Structure formats: structure tokens, C-alpha cells
Amino acid sequence: MQAQNLRLSGIIKDEQGQPLKGIVIYLYPASRQATTDVKGYFVFNNLSAGAFEIQTGHESFKALQFKSELRSGNLHFPFILHRLPHQLAEVTVKDKHIASRRQEESLNVEVVTADFIQRNLGGSLMKTLERLPGIKTIGIGSGQSKPLIRGLGFNRVVVVDKGVKHEGQQWGADHGLEIDQFAAGEVELIKGAASFVYGSDAIGGAIDIEPARVPAPYTLGGSVDLIGKTNNNLYGTSVNLYGRKRDWFFDARVTYQDYGDYRVPNDKVYVYDYAVNLHNNQLRNTAGTETGLHLNTGYINDRFRSIFYLSNTYSKSGFFANAHGLEPRRVDEVLHDASSRDLLMPNQKVNHLKLINHTEYQLPGNRLEMELGYQHNFRQEFSPYVNHGYMPPVYPADLQIPASLEREFDKRVYSINLRDNISLGRHEVKLGANLERQNNDIYGWSFLVPSFKQSSTGAFVYDKYKLSETVLLHGALRYDYGQINMFAYQDWFNSTVTTDGVTAMEKLTRAEDLSRVFNSLVWSAGLNYNPAGGFSLKANVGKSFRMPIAKELAANGVNYHYFSYERGNPALSPEQSYQADLSLAWAAPGWSVQLSPFYNYFPNYIYLNPTAAHDYFYGAGNQVFQYAQSRVERYGGELQLKYQLLKNLTTEVLAEYLYAKQLSGEKKGYTLPFSPPASALFNLTWSPKLKGRFEDSYFSIDYCITAAQNNIVPPEKKTPGYQIINLQAGSKVRIHKQAVMISLQAQNLLNTRYLNHTSFYRLIELPEAGRNIVLSLKVPFNVQSQTHKQQNN
Amino acid sequence: MKKPLLFISLILLFFTGCKKDSTSEIDTEYPVINIESATAFPKQCSTVKRGETFIFRAQMSDNTTLGSVSIDIHHNFDHHTHSTELATCDMETVKTPVTPFLLIQSYPIAAGLSSYEVQQEIAVPASVDPGDYHFMIRLTDKEGWQTIKGLSIKII
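For the protein sequence lines, the chains are V and R, in the order given. One point on numbering: in full-length UniProt numbering, the residue at position 780 of the first sequence is 780, and numbering is uninterrupted. One point on numbering: in full-length UniProt numbering, the residue at position 68 of the second sequence is 68, and numbering is uninterrupted.
Some clues are possibly wrong.
[What the hints assert, rightly or not] Far from chain V, by Cβ distances over 10 Å, these chain R residues were calculated:
hint : residue
1    : GLU25
2    : GLU36
3    : GLU52
4    : SER61
5    : GLY67
6    : GLU92
7    : ILE104
8    : GLN120
9    : THR140
[Said to hold, decoys possible] If you want a taste of the chain R side facing chain V, the calculated C-beta under 10 Å gives, among others:
hint : residue
10   : THR96
11   : PRO97
12   : TYR107
Hint data in this document are derived by calculation from the structure and do not stem from the laboratory. As the structure is a computational prediction, the values presented were derived from the model and not from experiment. Ideal Cβ placement from N, Cα and C applies to all residues, glycine included.
Build out the structure end to end from the sequences listed, making use of the hints.
Quick look at the structure:
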């Protein structure tokens with residue numbers, strides 16, 4: 001007869017005998033898990049007799065595996081976990097906490113580590129993440145891109161950096177996200193509406209970037225990264241230095257990257273019918289430079305931590321000189337082609353300064369958290385003055401704006417987040433509030449969006465209820481209130497105005513003072529079912545919202561780069577979205593499958609509708625693009641398969657599909673702009689145990705197939721399908737006692753010419769970058785580590 | 001071996017799911033500006049005279065319904081932008097404009113037409129700067145597809 005109701009408990013301490021809290025313990029074959037409390041104590045109740053195995057997984061400690069058998073009595077074990085040297089952790093330990101994060105979250109979550117970033121290093125963090133199913137980017141050039149989650153991007157995706165919503169100029173397709181990918185610790189991607197945690201804008205999803213982990217006590221060390229890329233002749237470095245006494249730590253990083261014009265597999269491209277010869281296959285003037293400065297410092301003890309994050313990212317990059325936007329340009333080719341590394345006009349400079357404090361305090365049964373943030377985003381776009389429409393033919397000498405400053409956006413953002421995480425028996429409750437204040441100023445000789453001030457306040461409650469060992473229920477409610485005040489703008493030049501047959505010259509008023517108030521109540525409900533045996537299911541339904549942005553409400557200017565006159569709509573209502581998500585997963589030794597379909601409905605999706613009209617008054621003869629709202633239906637999903645062919649050989653398939661359709665309005669029957677076509681990635685990875693100095697070696701090939709995108713909406717063009725091959729290889733080499741991590745990539749190995757449907761340059765038929773070999777080296781070093789200290793003692 | 005079978009069938013399932021293309025009747029064709037006919041004017045590298053009137057004549061067509069047409073004549077004394085056309089024209093040297101000709105005008109197209117010939121008189125004042133100009137034609141259809149033709153012309 002089998003004994004029931006047995007108990008297995010234990011206590012987990014580190015090498016110094018300090019109890020470790022927050023360590024996740026996995027119990028097999030029951031497939032259960034527990035987390036240690038402040039005293040390092042964990043317990044599993046209601047167990048049956050039999051053999052069992054427990055495992056732990058934590059990035060900072062060596063994994064523990066322990067086998068024993070429960071017979072008739074309860075068991076209690078003390079364990080000691082050994083700390084791993086900082087930074088090396090991610091590649092050494094299987095990230096079990098990621099698995100647990102997925103199982104305890106009803107939304108569709110992907111977590112990637114710094115290891116993934118190192119292996120797949122792209123031109124920007126978002127480009128690196130593009131390998132994940134459901135993630136694409138909208139980009140320009142080789143180093144700037146914005147995330148697109150299941151086809152939604154711009155202000156429909158929230159990027160959270162160190163706990164605070166990252167605020168740049170999210171609405172623009174021609175610049176990237178101001179994030180240094182070397183400084184990212186772990187990145188969590190939420191596919192699907194997540195407004196209840198992240199507030200307005202998380203209607204398409206969220207990307208949560210966590211900083212590097214706090215170093216272990218009594219350590220001093222760092223790492224040096226070196227990067228080189230062949231396509232745009234990029235070289236760069238990122239140097240990290242960290243240290244910690246018992247409670248105080250610092251973690252500093254400097255990143256520098258410089259790159260030349262990028263190459264495409266063509267020596268000629270056509271901007272409309274005009275042939276542009278490319279010198280050395282290079283897209284003229286797409287060079288750039290990037291710097292990142294980071295300092296994280298703070299105090300940590302068992303109950304209290306307060307960390308300051310100071311960072312500044314700066315980038316200067318050029319736009320393809322033969323086309324500013326969609327407008328073909330004749331340029332001085334001799335001047336441009338003299339060097340592939342110089343930067344002439346048109347170009348842009350973006351600086352993003354950030355100061356964040358994260359403070360948390362652990363009380364019995366609840367944890368209080370607070371983030372305070374200040375951000376200053378400053379973007380300038382430089383271009384030689386070209387008179388468009390009614391602008392004077394010669395730039396006026398008395399105008400204060402510099403003749404080369406086409407646009408300037410100056411944004412200051414203040415944010416406060418407060419959260420309380422409460423454990424109440426089977427409930428885990430999160431209460432929170434967010435406050436944000438933005439000041440946006442504009443400058444430059446072209447006008448698109450007026451300056452504005454915006455404030456928003458939100459409060460939410462979220463409950464995770466453990467119904468049983470296998471079922472988790474989630475419920476959330478959030479209320480938001482926001483106000484936006486936009487300021488009047490008048491042209492600096494005269495336009496020809498004809499009223500009742502009388503022609504006059506006058507300065508047009510582009511924007512009037514305008515104030516709007518929005519509020520919204522959203523909710524979410526979800527479920528996780530994780531029975532024993534490898535199957536798991538999660539489901540979520542929810543409502544999300546987004547406040548219209550200043551551009552959508554008050555744009556009134558000609559975007560000469562698109563030959564469009566963009567007109568805002570001050571009457572727009574907050575965008576709402578209803579989304580249902582399902583995720584089914586099976587995992588067993590040797591294989592795993594995950595299928596994640598979703599359905600999404602917008603009763604009032606906001607979008608820029610290209611109309612049939614031309615406006616010669618405000619629009620200087622350009623086509624009128626008018627913001628409008630329509631009902632939209634979207635569905636799709638991702639599939640992930642992993643199969644272990646041999647001991648060291650695995651294969652993986654990542655596929656995604658998306659369908660979007662407007663159900664009302666002038667574009668009824670059409671899709672939404674920037675809808676990524678269906679795609680699949682087939683991967684084969686060989687991870688041999690090589691003899692000698694090599695550890696963690698891998699050789700990996702990605703074969704990516706992207707279908708044609710024929711489902712388009714004005715002003716898009718149909719994009720043919722394509723296939724590309726990427727290779728990745730790497731290893732950790734020990735030279736004496738020094739480890740060096742080498743990663744090598746060949747992106748677009750066959751130098752395939754293809755067009756990316758979601759690229760900014762798609763409309764003028766510019767192909768994507770050709771073959772790119774990326775070599776990166778990471779050399780971690782420890783000046784003082786815990787193990788040394790122990791030996792010395 | 002059951003597992004690989006499951007594996008493959010899932011891939012197939014997924015891709016057959018993708019293939020279900022929506023048979024839509026949406027219009028994805030751009031309207032067409034035709035300046036090929038002998039009577040069309042101006043063409044790439046055409047010349048017009050100051051103090052005279054010329055007739056802008058071009059054939060507009062669309063697979064469904066035309067929207068509107070707009071023209072924009074502006075100087076190209078600085079050679080800033082290039083036209084959308086294949087053929088290049090002889091350009092004068094770069095110069096600073098004094099009183100360049102600027103004309104921005106949109107012309108209505110009667111509702112419901114799929115083909116329309118624009119015939120519009122355009123007067124070039126005698127006082128404008130002679131030199132290289134752009135003659136931009138923008139044509140939309142009802143769905144909002146726009147075709148742009150940027151011609152290089154000379155005013156003498």
C-alpha cells in the first residue's frame with residue numbers, strides 16, 4: 001500500500017551559511033515546484049511514497065540535483081548552493097526560472113538571456129530579438145529598429161527598461177530604440193495585450209528589459225566585449241566593471257560602436273525609375289556611431305535594496321543620401337563616395353539620458369517596490385534646406401532656426417511607479433500605481449507634430465490565485481486617466497491662399513491649442529494549467545487600451561519624405577482592444593512543442609488613412625493622409641518545435657502567421673500597414689563536447705523562409721517571399737585560467753537579395769543588407785571572487 | 001517512432017493553416033499616368049516659354065475609379081532632387097533662385113471615372129526665372145493609391 005500525505009522539506013543556504021530566499025526547487029516526477037522563503041526553507045506536502053529527484057535552477061548558483069526516496073516518513077534535508085562567478089552564470093546554468101516564469105504567467109511570455117543576445121547579436125537589440133517567433137522589426141539602415149510584436153508596433157508596444165517605460169519618439173519609423181544591447185541582462189517579451197500591467201500603449205505587447213544582475217557579495221570583476229562586422233565594417237567594444245562589498249555595489253559599462261555604410265547585394269538600385277549606382281555595393285551615407293554609458297549603483301541587503309541606474313545613449317547615423325524618405329535625390333557622388341565611414345547630410349542625432357531609482361523593501365508577506373525615473377530624449381534631423389510647397393526658394397537669412405535643422409524633438413519625461421506585492425495564502429496580489437508627466441518641444445524648419453505636454457495616471461490590482469497544485473488563476477483590473485495639451489503652431493513662411501477668388505499670401509496656422517482628457521478601465525483574466533506529464537496550457541482574455549498620441553490628434557503638415565499631407569483628428573477616442581490568447585505546450589525528454597494562437601479585435605483602431613484627395617492649401621498639393629478609426633480583426637499564432645535528434649544534435653522550428661483585416665471605414669477589407677508575412681525558421685544545432693580547452697561549443701544553422709506579402713494597404717507594395725540562411729557558432733575557450741567566449745555569425749550567408757516588407761526603405765525598393773560576418777569576443781575577468789576569498793581565508 | 005511523426009504533422013498542420021489565403025476583392029493596383037501619346041505634354045525634358053501658355057495634357061487611368069490629380073511646378077536650380085524618370089536631361093549650372101516659378105494646383109476628376117484625359121491650360125508668367133524645373137504629377141485612385149511622376153522641364 002502506498003503511503004500518502006508525506007512531506008519533503010529542506011533548507012537552502014549558501015557557502016557562508018546564509019539562508020537563500022527565492023530559490024526555485026523542482027520536484028520530479030511530480031513536476032512540482034516550490035520557492036524558498038526568507039529563511040531558505042521550502043516544503044512539498046501531500047506526496048506519495050517513491051523515488052524522487054529535486055533540482056534547483058538559479059543563475060547565480062551552481063545547479064543542484066539530488067535523488068532519494070520517500071518511504072513512510074517525512075524527510076528534511078539541508079542543502080548548500082555554490083555561488084557561480086558573476087557573468088559566467090548565464091551560459092553555465094540551465095535557466096529553469098525561465099521555464100517557471102512561462103508556467104506561472106497566463107500571457108504569452110518569451111524570455112531571452114544575455115547569452116541569446118551574444119549568440120544572435122544583430123544591429124540593434126530589436127534586430128537581435130527578431131529571431132523569436134512573433135517578433136519583427138521596423139527599421140532603417142543597419143543600426144536602427146523598432147519592435148513589431150505580432151504586427152503591432154510604434155506606440156502599440158511598450159518597452160520597459162529597468163522598470164520604467166522607455167519614452168522616445170516611438171511613432172517614427174526612421175529611427176531606432178535608444179537601448180544599448182550590451183547593457184541588457186534579460187529581456188522578457190509579452191506577446192499580446194498587456195495594458196493592465198504596463199498601462200496605455202501595451203496594446204500590442206511589451207518588452208521588459210532587465211539590467212544585468214547585481215554582482216555577488218565581495219566580488220570585483222568585469223568583462224570586455226569586442227565586436228566586428230564585415231557588412232558595414234563595424235567595430236565596437238563594450239567594457240564592464242563591477243564590484244560589491246557586502247551590501248554596496250557598482251556596475252559600470254561603456255559601449256562604443258562605429259560603422260560604415262552598409263552593403264546590399266546590388267550595385268544599382270532604383271528610386272522610382274531613377275537608377276542609383278552604388279559604389280562598392282554600399283548604401284551611400286548610412287554610416288554611424290553609437291555610444292552608451294551606464295552606471296548602476298546601490299545598496300542591497302536581505303530586506304531592502306535601492307539601486308540607481310544612470311545611462312546615456314547617443315547615436316549619430318546617416319540616411320541613404322539618394323533618397324530622403326521616398327524622395328529621390330541627386331547627390332555629389334564623388335563627395336559621398338570618398339569615404340564609406342563619413343557622415344554627411346541627411347543624418348540624425350539621438351541622445352537619451354536616463355536616471356532611474358528602484359527601491360524595494362521586503363516585509364513579512366509583502367514586498368514594496370518603487371521606481372522613480374527621469375528621461376531626456378533629444379533627437380535632431382539634419383538635411384540641407386530644400387524648399388517644398390510654398391516654402392521660400394532661398395532660406396531666409398534672418399530665420400533663427402539653422403538651415404540644416406529639419407526637425408528637432410525634445411522630450412522630458414518624469415515617471416513614478418509604486419507596487420506592493422502581497423502574499424496571502426494561495427493568493428499573490430499586486431497593487432500598483434503609475435504616474436507620468438511628459439514635456440515635448442519641437443524645433444526645426446519642417447513641421448509635423450505640435451509641441452505638447454501630457455500627463456497620465458493609472459492604478460491596477462492583479463491577483464494570482466493558486467487554485468490547486470496544477471491550476472493558477474489570474475485576474476486584473478486597471479484604471480487610467482490621461483490628459484494631453486497641445487500648443488498652437490504657425491508656419492514661418494507664407495502660403496498662397498485663395499478665398500472667394502481673392503489670392504493672398506499668409507502664414508498658415510497648422511495647429512491650434514488643443515486639450516483632450518481620456519480615461520479607460522481595462523481588465524484581464526487568465527488561467528494556467530500545468531498537470532504532471534509535460535502538457536501545459538495557458539489562456540488569457542483581456543481588454544487593453546491606448547491613448548491617442550499628439551501626432552494622431554494634431555498632425556497638420558506635409559511629410560515631404562512620403563509625399564503625404566498628414567492630418568490629425570482631434571476627435572479620436574482611446575483605442576481599445578479585446579484579445580484572447582491560448583498557449584498549448586507539450587514537453588518531454590527529447591522534444592517540446594508549443595502552439596500559441598491568438599485572436600484580437602479592435603472596435604476603433606487608429607490609423608493613417610491615405611485618401612483620394614489632394615490638398616493644395618495646407619497640403620501644398622500632396623495626397624491627404626487622414627487619421628481615422630476603424631474596426632479591425634486580427635488573428636494568428638506562433639509555433640515552436642524542438643526535437644533532440646541525437647545526444648548533441650537538436651533541431652528547432654519557429655513559425656509565425658498573422659492575418660489582419662479592417663472591418664469598417666474607408667479601407668474596409670484591407671489589412672493594416674506593416675503586417676509581417678508568414679515566416680518559418682528551421683534550425684539545426686550541434687553542441688559537441690569537444691576535448692581540451694573548449695566548453696559550451698555550438699554550431700548552428702538557421703534557414704529562414706518568409707512568404708510573400710500580397711495582403712497590402714495603400715501606400716504599401718506587394719513584397720515577394722525570400723529565403724535566407726544564417727549561421728552561428730561559438731565556444732568558450734580556456735587559455736590558462738582565462739575564459740574567452742567567441743561567437744561567430746554569418747547573417748544572410750548566401751548574400752541573397754530580398755526586400756523586407758516592414759523596412760522603412762521597402763517603398764523605394766531598397767534591398768536588405770547582404771552577407772554579414774559578425775565576430776564577437778567576450779573576455780570576463782575576476783579581480784576578486786568569492787572562491788578566492790574563501791581560499792585566502 | 002511516434003514523436004517525429006507528431007513533429008512533422010504539426011509543421012504540416014501549421015503551414016496548411018497559413019496557406020488559407022483570403023480570396024479578397026480589394027484593389028491593390030496603382031493608377032497610371034500616361035504621357036506616352038504624341039499629344040501628351042509636358043514630357044521628360046520638355047521646354048516651355050515664359051510669358052506663354054501651354055496645355056498640360058496627360059492620360060489618367062485606373063483599374064477601378066480615379067481620385068484626384070495634382071501638379072506642382074517648382075525650380076530645380078540647385079539640382080536638389082532628381083526626377084522619377086529614367087532619361088536625364090541637360091541641366092544648367094546650379095544657381096540661386098530670385099523669382100522662381102511656383103505653381104501648386106489640384107484638378108478635380110468627375111466621380112466614377114476609370115479613365116480621364118487632363119487638359120489644363122497653364123500660364124507661365126514672363127517675370128519668372130528661366131532654368132530647370134520639376135513638373136510633378138500626383139494621381140490618386142479612390143482607394144488612396146498614389147502614383148507620382150516627377151518630370152524635369154526647362155523654362156526658357
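* Examine each Cβ of chain V, and state whether all of them lie more than 10 Å from the Cβ of SER61 of chain R. => 15 Å, holds
* **Claimed clearance of chain V by GLU52 of chain R, with the beta carbon kept past 10 Å** => 21 Å, holds
* **THR140 of chain R non-interfacial with respect to chain V [C-beta, more than 10 Å]** => Violated, because the least Cβ-Cβ distance between THR140 of chain R and chain V comes to about 5 Å, which does not exceed 10 Å.
* Asked: Per the stated criterion, does the least C-beta distance between GLU25 of chain R and chain V lie above 10 Å, as a non-interface residue requires?
  -> Answer for GLU25 of chain R: violated, closest chain V Cβ roughly 7 Å.
* Asked: Holds or violated: is the Cβ of THR96 of chain R closer than 10 Å to a Cβ in chain V?
  -> 6 Å, holds
* Just double-check ILE104 of chain R for me: nearest Cβ-Cβ distance to chain V has to come out over 10 Å. => 4 Å, violated
* Minimum Cβ distance from GLN120 of chain R to chain V greater than 10 Å, as the annotation requires -> 14 Å, holds
* Asked: Taking 10 Å as the cut and beta carbons as the points, is GLU36 of chain R off the interface with chain V?
  -> Nearest chain V Cβ is 14 Å from GLU36 of chain R, so the label holds.
* Is the Cβ of GLY67 of chain R more than 10 Å away from each Cβ in chain V? -> 3 Å, violated
* Could you let me know if the closest chain V CB is still more than 10 Å away from the CB of GLU92 of chain R? => Its Cβ never comes within 10 Å of chain V, the nearest being 14 Å, so this holds.
* Going by Cβ atoms only, is TYR107 of chain R closer than 10 Å to chain V? -> For TYR107 of chain R, the interface hint holds, since the closest Cβ of chain V sits about 9 Å away, which is under 10 Å.
* Asked: Measuring from the C-beta of PRO97 of chain R to each C-beta in chain V, is the shortest one below 10 Å?
  -> 4 Å, holds
Going down the numbered hints, you'll see the structure goes against 1, 5, 7, 9, while the others check out.
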